[in-house]
Structures are given as structure tokens and as C-alpha cells.
Amino acid sequence: MSWQPGNTGRPGQRSNGANPGAELEELIRLGQKRLKQAFPGGSPRGKVGFVIVILLALAAWSAYYTVPSDSVAVVQRFGKYLKEVPPGLHFKVPFGVDVASIVPVKRQLKQEFGFSTPGAQDPFQSARDGRQETVMVTGDLNSALVEWVVQYRIADPAKFLFEVRRPLSTLRHVSESVMREVVGDRTVDEVITIGRQEIETEALIKMQALSTKYEMGISIDQVQLKNINPPGPVQESFNEVNQAQQEKEKLINEARRDYNKVIPLAEGQKDQRIREADGYRLKRINEAEGDASRFNALFEEYSKAPEVTRRRIYIETMQDILPKLQSKIIVDDQIRGILPLLNLDAPRNGEKP
Amino acid sequence: MSKGTRIGALVVLAVAVFVLTSALYTVSEVQQVIITQFGKPVGDPVTTAGLKVKIPFIQEVNAIDKRILEWDGSPSDMPTKDKLYISVDLFARWHIVDPLQYFLRLRDERSAQSRLDDILGSETRNAVAKHELIEIIRTTKDRIPLRDSLLTGAQQEQKMGSLVPIRKGRKLVELEIFNAAAEKVLVFGIELLDIRFKRINYNQSVRPKIYDRMISERRQIAERFLSEGNGEAARIRGNRVRELNKIQSEAYREVEEIRGLADAKATEIYARAYNQSPESVEFYEFTRTMQAYKTIIADNSTLVLSTNSDLFKFLKGMDPAPDAGKE
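Chains as they are written, first to last, in our numbering: chain A, -17 to 335; chain B, 9 to 335.
Hints should not be assumed to be uniformly reliable.
Stated by the list, open to error - Listed next, the stretches of chain A that the computed footprint assigns to chain B, with coverage defined by at least 3 CB atoms under 8 Å from CB atoms of chain B: (1) 42 to 54; (2) 199 to 208.
Claimed, not checked - Anything over 12 Å on all C-beta distances counts as not near chain A; from chain B, calculated: (3) 50; (4) 65; (5) 101; (6) 105; (7) 137; (8) 210; (9) 268; (10) 308; (11) 326.
Rather than coming from a laboratory, the hints here were simulated on the basis of the structure.
A virtual CB, placed ideally from N, CA and C, is assigned to each residue, including glycine.
Bound-form chain B, shown alone:
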């Protein structure tokens, strides 16, 4: 072959390759494509993946995402029906169901996100303003909370530790926002899949009030514990005094009873012995008096005795009259 033909062949090859690359394009699993010709869309959107053909150079490929996309709103402050300022952060899921419509109305994703910001933002604000804060926080209407057994007494006193009741709940509010917004975005070829509250927090200005309330609640519980403790301690102390008195007085009573019985019994025994006959009475008096003399008449006593006594009568004579002069 000659050199010229060879170069010509190479040039033809290059041109062919060039045209081919403009005529072929790939559609990924995550894409759907609108073909535009001189800026205007032609034909149906290409939604299946693979290698496709188009008119080179004249037609352009505009790829649109086929996947489920996310809208994440930035947190914004808004008031609830009960005048609490909260910061609300939502997220939503959407996808492009009508790529042609989407392409015509919005053209690219930045405008789509901005539209969603507007629509979802305003619908959220509406819904939040129509409901009390608790409707957005809680979901299950009739949930009974677990109670901390240690705190229960104190809490019931202060009416704390229970859930604030709701009528609708978070799910229904989300549904309201969803229904209102879904309609509005349909015209852009967008289908809204769902909406969920991501974060709900008290606004900075509201927080001190909430914290104060929490602090005072806890303080009340603490004080109640202290007073309960003191009360119980006082009760126990009172009990102690009462029990002590009771025991000691019972002891006294029983002791006296026993002593009384003892004395009575002893007296009975003595009487039985000493009183068995008039002679025993007299004999007892005699012996007992003799006994008494032994202790009464002691060392340094002075006794004046008569010679008429039974002991000294023999001093006068050998044989004085028996029992004479005895007084």
C-alpha cells in the first residue's frame, strides 16, 4: 500500500470513531435520559439502562436521576399553636416520575430543591401553627409510660411523670403536610414519597423556661424525699418512746403483782401457823418477844429490874410464892 492511502485510511478511521462516539451513549441504572434536539426535547424519555443510539452531534443527552432522591430541609424556627417557638427540621423523599415535565419546568436539580424548600417549608409552617407542640412530639395516643418506682409517690403528688395527652399525633401531622405538598409538586413531574420530622427542638429563647421547669420539678421531688425521710424518722422515734414507756410500765406492774402475791402468800403461811389455836397465838407472842429482847436490849442499855421478876425472885429467898407479884 502507498503511504497516502494508509494515511487516508487512518483519517477515515478516526472520523468514523469520532462520529460513533457521538452517536452512542450509555444510560446507567440510576439515570433516565431526555434527548434534546437543538434545545427541544424529542421522543420519549429513555428509562431503561444500556447502550443507546442517537443522531450524532445534533442530538444531546440530558441525564436525569432515576433514583429516589432526598430533600433535607434546613432547620427553621416556627411557632406552634400553643405559642412555643420550636426549631423544626424535616426530610422528604421524592423521585422524578415524569422526566419530560421535570425537564421542561425545572431543568435541573437545584431549582427542584429550591421549589421543594418553598413548598415543604410553607406547608410545614402551616401544619405546625395549627397544632400544639405535643401533637408533633408524640405518636401513640394511648401509651402508658413505665414509672420509676422510686419516684412514683413524689411524682404523683406533683402530677409529673405522665405523658401529655394528644388527639392526633406525629404521624397524622406528617400525613397532613405530605398530602398538601404532594399535590403541589405533581405539576413538576415530581412524586413525593414521604415526609418525616427529623429534628424538633426548643428554640434557644424557649429553653431557659423549659429548663427552669425541669429543675423545679426535680427540686420538688427531692424536697419530698427529704420530708418523707424526716417524717418517717420522727415516727420511728415516737414509736421508740412509746414502746419504751410501755415496756417499763408493764415491768413495773408485773413486778408489783408478783411481790404482792408473794407477800400475801407469806402472810397466809404465817397466819396459818401462828393462828391455829389461842394457845399458839399466846405462845407466838411469848417466843417472839423473847427474840425481840435479844436484839432490843443491847450492850449499852441500863435496866432497872425488880426482885419480883421471875428471874430474880430467888434472890429474896429460897422458896418465894410462885407467880406472886408478876405484873
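In isolation and in its complexed conformation, chain A is listed as follows:
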């Protein structure tokens, strides 16, 4: 018990508005001091004073409360709804007359289905029974595993507190029920691959409608699908489908590649051969024309002096050929047989009769 008057005037003490708690303490102490002065001495009275002081302290302690900046408080007096109170420090009638319940209205809260991130403070954020909630039956009587997250806010704190008992538990049930309803209207392919966006949108709309209808004071912000898989034993065969698709592409590409290797080459070769034939054609025609014009020129001159030109050509040709011969035998045409005279061993010069 060290209430010393000297405490009040200590330097460095904070000012009023910043620390109302300290101020109250000071008031309490002053009151206590005065009470003590009112009842000087005498132990029974001292004890009563002490009790009164304790009661006043308790009153002060239960008379103020802070509302965090992301919440509001709903105040009930004798159980009856009184008012809604914004963030800050507020006073209420102590000793249980007024009860202030703090509701986080600005915070975005979430509930997870099929998985859980650790460290959650809200007991309703994750399921109690783990894997069960992911299995669902689809509209073509197949099965799928679905994980999702629902993000919501408490929009109406009074409704949230008073209309429904355990609204967050109801929200979990609503969420599961709606997701199954939406998935139940779809094929397994839609659920796993192509219809995810649609599912999220429809689930959101349905959950919002139900949340309003149930008057839970909750507004659903977003529904997000996480992992969606075919059930365990089936996963491999789903992978097989993907692999088969790729294999099909590969086979077709290989065949196309072979085609492209061969056909353009053949076209090119065809072109080449045609051009070569064309070249042959030009060569033949040109050669023929060359030969023809040469002949024509010669013939023209020949026609002017045929006999002489003939002899000339004949003798020139003979002159050209005969020297190259290995043996020439010139025989008089009146000799009947040359064999007796023919020396087959020395074929240098012909014998003359």
C-alpha cells in the first residue's frame, strides 16, 4: 500500500487524454485518501473503507473498454440491445449491467474447405473432419475432390449476434451445401478443367442469396476454388488421357515431318528434270539449225560449180584419210587375183603390176 501524495506531482507524467487509465488510478487514489480521512482510525471502519475502495476499483475497471479499429461493439443493457459503438475507448455501466460484444466488421475473414492453413484463430475456419469435405459427386455420377475458400465479412453485427446461433458454423454448412449443389449440376470434366470460373461465380451467387435469406448478417465476398482433382485411384487414368493426347500429336507431327522432308524435294527434282529437258531441246534445235545453215551455205556455193566442188571435197577428204592408214594396197583393176602377189608380212608399200 504505497499511495503517496507525492505521486501526483511527479515530473514526466503523461497528459490527460493520452492515458486516461492512469488518470483514473489517480482519482481512485485520491478518493481512497479522502475516505481514509473521513474515517480516521478504527480497524472495522478501515476494513469497510478498504472494501469500498476495492469495489470502486472494480467498477472503474469494468466500466471502460476499447474497441479495436477493425471492429465495432454491440452494447446490451440488461440484455436488451442498446446501441452500436465505433472504434475507440468507451464507457459502460459496470458490474454486468452493460455488456459490450466486439465484432470485427472490417476484417475480411475466411473459411477453408478441404485444406487448412495453420495458425488460424477462428475455430470455424477449417473443418473438424478433414478430408471428408472434398469428396463430391458430379452430375454425370462421377466423383471429384474439390478444395475451396470462402471469404466473407460481418456486415450487420446485431444480426450476426442475435439472429442465428453460431452463424459461422451455419456458414460452413451453407458453403458445403452450395458447393455440392453447384458441382452436382456439372460433369467431371467441367469441374476439373473447363468450368472452374462458372462454378466460382454460381457458388458465390447462391451463397450470397442463402446468407441473406438466413439473416446471418454475413456478406460473402468471394468464393475461390483451390485444388481440384479426380479421386486418388482414378488420377492415373486421367493422366493417361493427357499423355495419349500428346502421343497423338507426336505421331501426327512425325508423319508430317516425313512428308515435308520428301515432297518438296521431289517437286524440286521434277523442276530440275524439266529444265534439263528444256535445255536438251534448245541444244538440239540450235545444233540442228546450225548444221542446216552450214549445209545451206555450202550447198549454195556447190550449186554454182558442182563438179569442181565435188572433186575438191573428194580429194581433200582422201588426203585427210589415207595417210593415217596402216597399209594401203593399190591394185590394178585388170588383175584378177591379188593373193599370189600379196606379201602379208610386210605391208609397207603396195605392189604394182
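Given the coordinates of chain A, work out where chain B should sit on it, guided by the hints.
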């Protein structure tokens, strides 16, 4: 004041406070209260919140929840009309509209929940047994599913990827259960607000069959892809051979045509030159033969010539008869 009076005053104060605490009670926004006197309810139920007064000690406060309450059934297995065993989990919302009736008939919430278990459980079982599984799964009758474009061909072949048709749908089945159960709980002062299926799953014993079917469906799709791939590849290969043959034979044909034209043209040119008159024919024969001699008669040939030839005729004499003896 004397000490005695003071203590007396304190005692009176304490007693007063004691009586007061028994005479006052609060009703919260979430409560409705039945006042009982010696065990029997008296008066109307207190439904508004606030600070209330009662006869101390004799009368008791029984608080009943005013909020909407939840019933969450535990999953139970039941068969559908098409003999599929499924595990069904419902939840329902209810509230106590007639607190007096509720208090008299049920007294506390545990018995209420147990009654709801019985009633809702049996109504659900009835409804599920009357409908095929698909009626509980699907809701929208005429919804056309999106199709995965890659799988569509394969699926249509196997008649997969479409929704099993329904006549009623989940909503109507839920409504049936609701109507049947709501009547029955009314007598307990309970109003049933709605019922929804929370989870519906294949029973453990049914799952292997379902999985097998899914696996075989997917396998069929996969096999179809492979056969499509092979088929297309074979087609392309066949095409390749056909195109190759076509190109090569076309080339041959065109080449031969061109060569034919060339040869014909050349022949025409030659003929035109060599055939212009009988003298040109004869001259051509002469010159051409001369040309031929040059190549035919080569180094190691042996020639037997007569002195009658035009070249050697001068060997016999200076002035032999012209063109005599020429053969």
C-alpha cells in the same frame, strides 16, 4: 449512531439486496423466458429483452433460445431407388416459435435435437429411397454442360461427358423432406425453416465400382486418341507416297514430251535443209559420206584400192578417160 443499529442496518441492507437479486432478472436479445412457479409454467412467455421482475424465490426463470438454431445430422448410409448405397448428411434450420409448447413437450434442447434426429432421419431415408441418385445430385433440369473441346470427339463416341437427366432435382427432393418433417415438429412448438443436403457421397462399398467405371472411361478416351493419332499418321504417310509418285511420273511425262518435241523440231529443220531439192539430197549424201569416211577409216585399217578410183586414176597415165570405170 450506536453500533447495534449500524449492524442491524447493514443486515437489513443485505437482505434487501438478496431479495432484489432474486426478483430481478435479465432477458437477453437471444433468449425467451418461461416463468415457472413450483415447476409449472405461469403467464405468457417473455420474449422481449431487458430487465424484468418476478416473484422472488418462488418463481424460476427458464431460458429458451430465441435464435435460429441448427440441426446437423450425422452422416448415415441409405440406399437410393436405383440401389446405390450413399452416405447422406443433411442440415436443417429451426427455431422455437411456441416456447410454452416446447417447454412442456421437450423441456430442453437435447431432447429436441434427438426428436429432430428421428424425424428428419426417417423422412430423409424415405425420400432417398423413392428417388434415383441423380435426382438428389442435380438441380437444374435443362443445363447444358460445357465441353472440353479436346475430348469431345472421343467422348461422344463413348457417350460420356453429358449430364444424366433428371425429372425433379435436388430442390424438389429437399422440399419433399421439408414438408413431411415440418408438420411433424409443429406439435413441439418448433418451426422448421429449411433443409438442405450438406454432403452426399458414395458409400465405401460402392466406390470401387464407380472408380472402375471412371478409369475405364478415361482409358477409352486415351485409346481413342492413340488410334486417331496412328490413323492420321498413316493417312499422311499414304499421302506422301501418292504425292511422290504423282510428282515423279509427271516429271517423266513432261520430260519425254519436251524431248519428243525437240527431236521432232530438229528433224524438221534437217529435212528442210537436206530435202530442198534432189540435188541437195544427193549433195548431202556425198558430204555426209565423206564425213563418215573420216571417222570410219581409222589408223589400223587396211584398204585395198583400185587404180580405177578417181584418186588413183592418174597413176596409170597422165590423161585417163574421165569417169571411166567408176563403180
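Worksheet item: What are the numbers of the hints the structure violates, in ascending order?
Response: 1, 2, 5, 8, 9, 10
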